[in-house]
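Novice: Generate the whole structure from the sequences, applying the supplied hints.
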Amino acid sequence: MLDIKLIRENADEVARALAKRGETVDFAELLVWDKERRECIGRVTELRARRKTVSADIPKLKKAGKDTAALQAEMKTVGETIKNLEGRLAEVEARIDAFMAMLPNLPAEDVVPGGKEHNAVVRTFGAPPAFDFEPRNHVDLVTRLGLVDYERGVKLGGNGFWLYRDDGARMEWGLLNYFVERHLAAGYEFILPPHILIHQCGYTAGQFPKFKDDVFHLQGEEGKDARHFLLPTAETALINLHRDEILKEDRLPLKYFAYTPCYRKEAGSYRAGERGMIRGHQFNKVEIFQYTRPEDSAAALEEMVAHAESLMQGLGLHYRVSKLAAADCGASMAKTYDVEVWIPSMKEYKEVSSASNAHDFQARRGAIRFRRAATGQNELVHTLNASGLATSRLLPAIVEQGQRKDGSVVVPEALRAAVGKEILRPVQ
RNA sequence: GGAGGGAUGGCAGAGUGGUCUAUUGCGGCGGUCUUGAAAACCGUUGGCCGUGAGGCCCGCAGGUUCGAAUCCUGCUCCCUCCGCCA
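Position 1 of the first sequence, counted from 1, bears residue number 10 in the numbering used here, the numbering being contiguous throughout.
In short, the hints are calculated from the structure, not lab data. Nothing false has been slipped in among the hints.
Heads up, simulated EDC-like pairs for lysine to aspartate or glutamate below, C-alpha to C-alpha not over 16 Å straight-line: (1) K359 - D337; (2) K219 - D106; (3) K29 - E126; (4) K29 - E118; (5) K125 - D337; (6) K85 - D66; (7) K44 - E18; (8) K44 - E100; (9) K274 - D223; (10) K332 - E311; (11) K414 - E143; (12) K14 - E45.
Remember, predicted model here, so these are calculated numbers, not experimental data.
Specialist: Dropping the structure here:
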């Protein structure tokens, strides 16, 4: 959520910033509602003050033997006027809220306008492995190696699902453990949240109302509007940890990480090039998250990207880091870096981590503040999130980048203990 | 799932239609005293809206009334007991 004061005072500037995302927004109507809202508040406040004093006087006058019927009659109409104004106010505020809830975040100053074609590679690690044979794709590899069972995954969950088995399950689990250990060492607190969340969580994160079609909603009980949903990322849980709280400044930054599967509809997003485990309805991810003071968030973002990169380096994978253009950043995010791993068969880099600074956008939606000791004032925190990492995109990269001519795969050193072997060989 | 009880400030806990401005205690913060600390004493102590005067907030939403923490209705959550259960 943007600060409506900013729009009130600087509508053109806000519109220009949103235009970097390719969004054309007209604030004229909003500003009319905003004006009406404030006028309503002014009048209601005035009338309530009058009612309050008169109502306090009535018992005194009665005691003094005076007739209060006229005053009571007058207050009755005042009460009705207040009620009418409050009705109007609620109407206007609902419109303002609906409008504001649909607006995406302002891109940070240094984020360039335009779509993903304007993303900029800021650095790369390693180089694409050179094969003196025709490399197989990960679907062939993991199937031959017996790591992933696509057919039975579909039998269980339908299209868009798979299951890990044997060494594949061990490797996926080993990746998760490797990340857990690294995050603990970096001072992040481990959270295992519920996977089923209430609607307010999606609102705070910024998924609702705009992106409600992207998540799986649970059928509520008959006659009840339960409005639970399966989280599309652990970020949705972690941003809500401190919803409606006022944090202590000396406890910031708060650093958390969580492992959850991520459940996404991915409706209509299937592409032939994304077979296998590149895109599914459920995938594993460890997410890191920080709550910081506003002045600390820019540095925190760099720190989180560097941390995500160190995980990749620990696996010996070739990757690059891109800084996203405005329109490619998530709606809640002011600035985003993607860490993208090389998938040889696709000859493409695919996102395995997305590290973002939401500034105060999510904090405002969730009323997450901290008390600044120097001023005694409450301020909104900044929130940041980064995948650390999306394991389900990593396993394809590991087998493709680590494959050898005979179809075997070298297990990254960091995972050998978990998998129990150095080389994975085709089964049968 | 059944039965009962409850929701008031950081916590505990009064208040059942209008004298207060929602008692009081604890905790927190500041001070006095002290070599330092404790104790004692004094002061202070939330959120939201509004340029401001001021207004709103006693779980949430409605209603009754000149006036609601208090009365009425609906909802949510929590606790206790029973049942079921990984």
